[in-house]
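Asker: Chain residues, written in single-letter form:
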Amino acid sequence: MVKAVADLWSGLRDYRFLIRQLVRVSIVGGYKKSFIGLAWMFILPLLAVLVWIVLNRAGVVAPGDTGIPYPAYVLLSTSIWGFFLEIYKSSSNVLANEGKLLIMKDFPKEVLLAEKTVVHLINFAIPLVLNICVLLLFGVRFGWASLLFPLSLLPLLLLGLAIGMIVAVLRIVAVDICTMIDEGMKLLMFVTPIVYAPKIEAGWLSGFIQWNPLTYLIGFSRELLSRGTFFEPAGYLACSLVAALFFLFALAFFRATAKRVLERLVNN
Amino acid sequence: MVKTDQMSQSERKVMISVKEVSKRFCKELKANMYYGIKDVIRQSFGLAPHNGDLRPHEFWALNGVSFDLHEGEILAVIGANGSGKTTLMRLIAGIYSLDRGAIEINGIGKTTAIFALNAGMNPLFTGLENIYLKGAMFGLTKKELKEKLDFIIEFSELQEFLNSPVGNYSSGMKARLAYSVAIATDPDLFIIDEALAVGDSLFKAKCYEHLQEYVKQPNKAVIYVTNRIRKVMAVASRVIILDKGTLIYDNTDAADALEFYINNCLKGLSEELRETRLRRVQEFEM
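Chains A and B, in that order, give the protein sequences. The opening position of the first sequence corresponds to residue 1 in my numbering, with each subsequent residue numbered one higher. The opening position of the second sequence corresponds to residue 1 in my numbering, with each subsequent residue numbered one higher.
The shape of chain B in the complex, shown without the other chains (with noise of 0.2 Å):
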């Protein structure tokens, strides 16, 4: 019998189980600083923050949102601003706390997040300074990141300003050395969101072709975050989608998620109106 690739994803050891998970956030200011005092004197006693429902001024930028990610997968987050994509990254990297719901790792020794590619980076100091700067932030030690340095400096392409301050790197270049850094950590789990927005092409083709290696050895996954729907189609394994912080698609077939996605973000307009509007996407992403 001939295997489809439907079913050895399915026997691929799931690396991350997310359930049900929900974030709350909210909207206005003082709201904000007033369940945060709440919070905190909660939690000072010992007791759960509020998990009840949702209270004045808070809405959920993620709710009841589940899905597996497994061995060998490219994720591909898709989803418009403000759907609650970054959140789930940070959810999943540990950096929020669940509200509810269960985030279940399996066999994840070490997890990279890159949210912002110039956080911790220091304008003054120079690349090479920031290689070690950044590498420590992701947790190496200085011996490990001796014996990456190399691989970074050579992934990088930045041989030639590795002694120039990062402040007069362009972002691009910028983006290069950070995602240069990050991929060293080699990591069981790699979260990418929006990172290589602003690297230039070459290089971007460069990060997806070592990407689709990078999974292929044994207990690795990606999940990268866009909300560019072209990158979709250069990587991804598979796709979920995120609408107002539901998940409202996850399947395997690029192709198709996209056409769901634009089909749904022009949802509720008139038939004329979304072809001309479906013709301009196309015509600027494709």
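Isolated chain A, as found in the complex (with noise of 0.2 Å):
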């Protein structure tokens, strides 16, 4: 398995420059045609924020004690539920949509999903350093602790790009196992403290949401960043544990499959 890391990680190494170029190819390459350009990254994020502080003014009754102005929880919830979904979706359209390209190159397809990973990851800072001021605006007060964030969303990145490597090679050849997952990755934003609080009493849901990880991986981060403090410490522990081992097992599965499924690629 350390093995497994190695490999990847020199492989990744080794195309670092392709990275590099693929990265911006993405971030800049949607803005190209645009006069104002990158300001875009910071204009599109503005808007969404300036919905919730509207909302916010509105006065808009909190479900279950949030310990946070709601709108500031659910500003904060569904930033770092994206955080989950969108490294998901790209990593999880992967092969389909830059088959044609893997199929007359042949560099690793996992530089691919290092570009992915990356342009995620800025995708996310920007609006994250806006919804912060947010948050401030609301009232939220950081700790320290509070800069351990960005490392406490390891986890889900590792859970969702584990899901997305497995379900980027189903893709190709199990298109009705795929479109169910889609959907329930949908719908698992509902069944997840995300627009209510984690101890909410709620029949059946309760205890569904007592055993989704997601409980307690979207919740520590949610806490950290805007109390500074730790939920469910152990919960979180099991679950990146967890999330760790899936995503080495995915990858052994992506790198094992990919190849072979991608010949089945049918519109090239």
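Simulated from the structure, these hints should not be mistaken for laboratory data. Some hints could be false.
Unchecked claim - Taking lysine to aspartate or glutamate and the EDC-like style, the derived pairs with C-alpha atoms no more than 20 Å apart in a straight line are:
1. K110(B) to D106(A)
2. K110(B) to D176(A)
3. K30(B) to D176(A)
4. K259(A) to E58(B)
5. K38(B) to E232(A)
6. K216(B) to E11(B)
Said to hold, decoys possible - Chain B stretches covered by chain A per the calculated footprint, using a threshold of three residues with CB under 8 Å from any CB of chain A:
7. 118-124
8. 128-142
Said to hold, decoys possible - Here chain A is said to cover these stretches of chain B; the calculated rule only asks that three of the stretch's residues, wherever they fall, bring their Cβ under 8 Å from a Cβ of chain A:
9. 36-42
10. 207-218
Just so you know, these numbers come straight off a predicted model, no measurement behind them. We put the beta carbon where it would ideally sit given N, CA and C, even for glycine.
Dock the two chains into a complex; use the hints.
Answerer: This is the structure:
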């Protein structure tokens, strides 16, 4: 297993220039024709954030004890949820969308996964800075422990990538399963404490929330940033370990199957 | 004793030895998906994918193909549409996996294969930016690319368009850019799959000349794929012909190869029809 990670790392090192180029194409390419260019990367999240400020002014009722103002809670939760969902989306489409390129070139497929990850981190970091400003505006006070927030997202990233890598392979040959998983991922948001507090009383849902690893992975990062305290640290650590192992398994699966499955990509 | 060309050929180092290589594909979409799922399941349990006989809807895209590629050779692979040329190239380049047989590689450090010239180019980025992008895809580092930049620009003859977006290039210009980057990777094995079809005659002539000089260096060989048979005359030092996945011809005499190829294409036709077709092909190609 150590070898698999070492292999991955050295493969990516050899192609770091390509990863940089591809990241540039992804980030800059989308705004190439625009006159204000990369400014859009700040304007779009700013608009999203304005919605929440307006909601707060309107005085939305808080469902359950969220600890911080409800709009701030939802803003932070959805951005962490988005962090998880977006890496799933981009990694799970990597073979279907880039397969045409992958059968023309012989660079390792993991290079594209690395590129997606870097682009994802950049796309997350910019709105995050704005969100933090809004949270300050809402009266949220950060502690020193809040600085650990980016690190605390790592298990979520690994989990998103792990599911993404498996679905990426299945997307070529097992379309039905992938459609189900895609829809399932959307529904997952409603059974994870994102728009409501983790300690909600809602019958069977409460039980599900308790066993949902995202409750811990998202809740821990959210509380770390917004209050500087640790939410269910044991649950978080256990879920993190599972996410890391699952990632290694998914990576091995991806490496074993991606090459052959690409031969069956029909739309080239 | 005077050495014949044939003899010096056989004394040269074998760079690639393709041995009884077979590759199956599936004609029907749903069966293709179904076999794919089965393979994925087998592979996740550490088993090899199905390697038995053909299943329903499958066919051999390549069937028991064997040949050697020697140092210094320019090998032309010809065959009608769908004869397995590109599949063979993808197997050699390591993009596809073998179903049967083996490809032995002897002392090849770098392989560069160009299939679709536009692959990986971004139309909104300039020629110069695309040189970096394409070069990186061929595995060049930033340092190597910087060193080779002058060569690429000079070879492509695109100096005045370097700062225009590639989307505005003609297909021939894109081909020139991509080809120049590919050759700048200085590969030991250079695979060109129909990549020169769109370049203008002047550029093509320059490429052929360059290729002939290129393979005179030690430990270099070129494989190029085409179904335009006139090209074969221009450069190839050896020709193989594929027909429905089977290798039917392997020789160093290009002219003889052409005659064989045309006759093979026309087999099964009546004497009279063959005459007219042959004349038409000759008028078109020569």
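Asker: State for each hint whether it applies.
Answerer: Verification of the supplied hints:
For a cut-off of 20 Å, the pair hint linking K110(B) to D106(A) stands: about 11 Å separates their Cα positions. Distance check on the hinted pair: K110(B) and D176(A) sit about 40 Å apart at the alpha-carbon level, beyond 20 Å; violated. In summary, the hint linking K30(B) to D176(A) is supported, as the alpha carbons are separated by about 12 Å, within the 20 Å threshold. For the given pair, K259(A) sits about 19 Å from E58(B) by alpha-carbon distance, which is consistent with the 20 Å threshold.
For the given pair, K38(B) sits about 41 Å from E232(A) by alpha-carbon distance, which is inconsistent with the 20 Å threshold. About 15 Å separates the Cα atoms of K216(B) and E11(B), which keeps this hinted pair within 20 Å; it holds. Beta-carbon proximity to chain A at under 8 Å applies to 4 residues in the stretch 118-124 of chain B; the threshold of 3 is reached and the given coverage holds. Check on the stretch 128-142 of chain B: 9 of its residues sit with their Cβ under 8 Å from a Cβ of chain A, so the three-residue criterion for coverage holds.
Given as covered by chain A, the stretch 36-42 of chain B passes the check, having 4 residues with a CB less than 8 Å from a CB of that chain where 3 are the minimum. Counting residues of the stretch 207-218 of chain B whose beta carbon lies closer than 8 Å to any beta carbon of chain A gives 0, which falls below the threshold of three, so the coverage claim is violated.
Hint violations for this structure: numbers 2, 5, 10, all remaining hints satisfied.
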